[in-house]
Amino acid sequence: MNDGDLLINVENVTLRFGGVVSLRDVSLAMRRGEILAVIGPNGAGKTSLFNSITGVYQPQEGTITFASNRAPLLSVIGKKTHRIAQAGVSRTFQASRLFSALTVFENVKIGAEDHGGIGLAGSLVKGPRTRKGERASDRVAAELLNFVDLYHEANTIASQLSYGARRRLEIARALATGPEVILLDEPAAGTNPSEKLELTSLIRRVRDERGVSVLLIEHDMKLVMALAERIYVLNFGSIIAEGTPEEIRVNPAVIDAYLGTATEETSA
Amino acid sequence: MNLLTRSSLKRLLAVLLMSALVTLMTGAPGGFGVPAYTGLHGSFLERVSYFGLFATQRWFLFLTLGVIAWLLSTYYQRHSLTIRRRLEPALAAPTRVMQRRTNRWVLIAVVVVVTLVLPKFVHQQFWMYLIVEQIGVWILLALGLNVVVGFAGLLDLGFAAFYAIGAYATAWFTGVLPTPAPFNHPIPTLWCIPIGVGLAMVFGIILGIPTLRLRGDYLAIVTLGFALIIDDFVGTQSGLTGGGEGSLTVPKFAVNAGPFHYTWGISPTPYYYLCFLFVVIFLVAFTALEYSRVGRAWVAIREDEVAAESIGINPLKYKVMAFSVGAASGGFGGVLTAGLIGNINPTLFQYQVSVNVLILVIFGGMGSIWGVAIGAIIVQFVTSYLDNYQPWGYQLNDLYMYIGALLIIMMIFRPAGILPSRRRQREIRGYEEDYEGHLDEVLTGDEL
Numbered sequence: 000m001n002d003g004d005l006l007i008n009v010e011n012v013t014l015r016f017g018g019v020v021s022l023r024d025v026s027l028a029m030r031r032g033e034i035l036a037v038i039g040p041n042g043a044g045k046t047s048l049f050n051s052i053t054g055v056y057q058p059q060e061g062t063i064t065f066a067s068n069r070a071p072l073l074s075v076i077g078k079k080t081h082r083i084a085q086a087g088v089s090r091t092f093q094a095s096r097l098f099s100a101l102t103v104f105e106n107v108k109i110g111a112e113d114h115g116g117i118g119l120a121g122s123l124v125k126g127p128r129t130r131k132g133e134r135a136s137d138r139v140a141a142e143l144l145n146f147v148d149l150y151h152e153a154n155t156i157a158s159q160l161s162y163g164a165r166r167r168l169e170i171a172r173a174l175a176t177g178p179e180v181i182l183l184d185e186p187a188a189g190t191n192p193s194e195k196l197e198l199t200s201l202i203r204r205v206r207d208e209r210g211v212s213v214l215l216i217e218h219d220m221k222l223v224m225a226l227a228e229r230i231y232v233l234n235f236g237s238i239i240a241e242g243t244p245e246e247i248r249v250n251p252a253v254i255d256a257y258l259g260t261a262t263e264e265t266s267a
Numbered sequence: 000m001n002l003l004t005r006s007s008l009k010r011l012l013a014v015l016l017m018s019a020l021v022t023l024m025t026g027a028p029g030g031f032g033v034p035a036y037t038g039l040h041g042s043f044l045e046r047v048s049y050f051g052l053f054a055t056q057r058w059f060l061f062l063t064l065g066v067i068a069w070l071l072s073t074y075y076q077r078h079s080l081t082i083r084r085r086l087e088p089a090l091a092a093p094t095r096v097m098q099r100r101t102n103r104w105v106l107i108a109v110v111v112v113v114t115l116v117l118p119k120f121v122h123q124q125f126w127m128y129l130i131v132e133q134i135g136v137w138i139l140l141a142l143g144l145n146v147v148v149g150f151a152g153l154l155d156l157g158f159a160a161f162y163a164i165g166a167y168a169t170a171w172f173t174g175v176l177p178t179p180a181p182f183n184h185p186i187p188t189l190w191c192i193p194i195g196v197g198l199a200m201v202f203g204i205i206l207g208i209p210t211l212r213l214r215g216d217y218l219a220i221v222t223l224g225f226a227l228i229i230d231d232f233v234g235t236q237s238g239l240t241g242g243g244e245g246s247l248t249v250p251k252f253a254v255n256a257g258p259f260h261y262t263w264g265i266s267p268t269p270y271y272y273l274c275f276l277f278v279v280i281f282l283v284a285f286t287a288l289e290y291s292r293v294g295r296a297w298v299a300i301r302e303d304e305v306a307a308e309s310i311g312i313n314p315l316k317y318k319v320m321a322f323s324v325g326a327a328s329g330g331f332g333g334v335l336t337a338g339l340i341g342n343i344n345p346t347l348f349q350y351q352v353s354v355n356v357l358i359l360v361i362f363g364g365m366g367s368i369w370g371v372a373i374g375a376i377i378v379q380f381v382t383s384y385l386d387n388y389q390p391w392g393y394q395l396n397d398l399y400m401y402i403g404a405l406l407i408i409m410m411i412f413r414p415a416g417i418l419p420s421r422r423r424q425r426e427i428r429g430y431e432e433d434y435e436g437h438l439d440e441v442l443t444g445d446e447l
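Chains as they are written, first to last, in numbering that gives the first Met the number 0: chain L, 0 to 267; chain B, 0 to 447.
Derived from the structure by calculation, the hints contain no laboratory data.
Here the structure is a predicted model, which is why all the values come from computation and not from measurement.
We put the CB at the ideal spot given by N, CA and C, even for glycine.
Treat the hints with caution; some may be incorrect.
As the list claims (entries may be wrong) - Simulated restraints on C-beta separations:
1) L:G77 x B:A13: 50 to 60 Å
2) L:I254 x B:Y290: 55 to 65 Å
3) L:G177 x B:L398: 49 to 59 Å
4) B:V113 x L:R130: 32 to 42 Å
5) L:G42 x B:V305: 15 to 25 Å
6) B:V110 x L:N145: 36 to 46 Å
Stated by the list, open to error - The calculated DSS-like cross-link candidates involving lysine-lysine, where the alpha carbons are at most 30 Å apart (straight line), are:
7) L:K131 x L:K79
8) L:K125 x B:K316
9) B:K316 x L:K131
10) L:K79 x B:K316
Please put together the full structure from these sequences, using the hints given.
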């Protein structure tokens, strides 16, 4: 792999909560422009890995770097979540975390806004620069709502959306920050089969049309196998396999982790 | 309506016990600070008229209120569905009417005209004075706390601290404290407006940076502590602040610009207009903020801090901003009070003040600028009236009993305040649907 292609590089990361080891010596390399999936049984540490990459958790050992096109190499560990988000790592959540009292449009607009500086004077006076910023974020929000096919729901209150629509809105909000990589935490959880199909094509379009790399956690194997170009398998906090969907499908360690019987039978 | 059912009689018993308890606890008529157990004293002969009984026989007052409450609750119990259905349109009316742009402008015009001509119709100086000190200043305080509690969702139990800072900064810079003015150079009181406001904002930042990392209950405790520290400091540091006696007379506001001279004198009316001007300024500024990117960032943090961080919002920065911006109008309230009443002392800035301001914000509607202003006018007017006329056997120390009852009724029928903010109302409604209403969590803005 060419080093210039590396987007997120996780090296030997260990994350502990007291005596409980959540991630053990995890290494993961994500290339620019790929759709990468992390799979594993419940409690394997997938969301912990996401939280480490987005600065919510601070791993005790190892390094995580993010190579943005816009900024010098960013060492993630120790940085605040909002700084990492501003640098170009965006995410969605396992349980939907929308601003449920705001409209669909406002949800995306907040994501599109520039949150740097103080902004008090500009907000009070509403000078040309503020108005320009407002127009720009309005445009981004409208364009993204079109992209996720929620434009007709722009004035709906977010809490009144269907489950699948909430998922798409979350993706739109995450994209509004102008990220280079988007981390999707079980985007298809709780959706029905037709919504799953929509999401699959939406996630592919995120990469193909917007050029945003996608890192995905998912339980639904059909979705993962259809989307991912490479897959990492986590079990008990360690990476046990890495490869293309075809390789993972036949990997004995993965089958063992998911079914939990292969070694016992062979050793017995 | 059937009053003799089992549940109805149970409620009657509860009401009677409550009346007895309140009678015992609140003391004899006219007895401010009289120990308990004396509520049953007082003579039937003092006043024979019907309303006289309220004034002389406390038990009679509370029994009457209790029976009224019992009748209303029994009636409501039977007809709650019908009442709710009929009341729904009426309760939604203020918000619906205000949604139309023309209605809003007409209302604003009416309010401005009424406010401008009001001094012509209030002939008693005493009431004019009360309007400025008890209503005007408190609108400012409520507007400021609304930014902190309503917009950013931070429970601040120490807002009186910023009020005190504004007032004592004025006293300090005009050189009427025992400690000399900065650089030994007292300045005119009018110049203290930017200084008092600025100092309050700086203290908002100083207090905010370390404490706003805390969430929910912890933040409330720390802000409470801050207010107590300020209260204690101004009360005990006699050498610096004049201690319990407070400051000497702060000079009146005065403008001396070239040929133009004007002094705010004894009459409260000029203060009224000064206060009105600043209420308008803060109303406009806070409205502009609510619908700016700063306001939206506050909503995002209030609704879901984790999600807000994930889209690049720095929660600490925006929370500190909310604290500082809210402190501005509190600080101005302090400057105005100092200029108006001259002698300021620690009793004006006690812990109770913070709670009272919070009551205004909750009553008016958290996050709703107009609601908070109107709520402050209603509550402060009624309170001032009760305090000064004491009708029907009302006593000063009964106030919080009635306010407590008012807030309980509000939480049942109109949890988002009398003129709710649309966003807040949605939040509370969504919460009730999702979790069958744990309003305390909505109130503290703490979802974890």
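### Task
Starting from the hint list further up, note which numbers the structure goes against and sort them upward.
none
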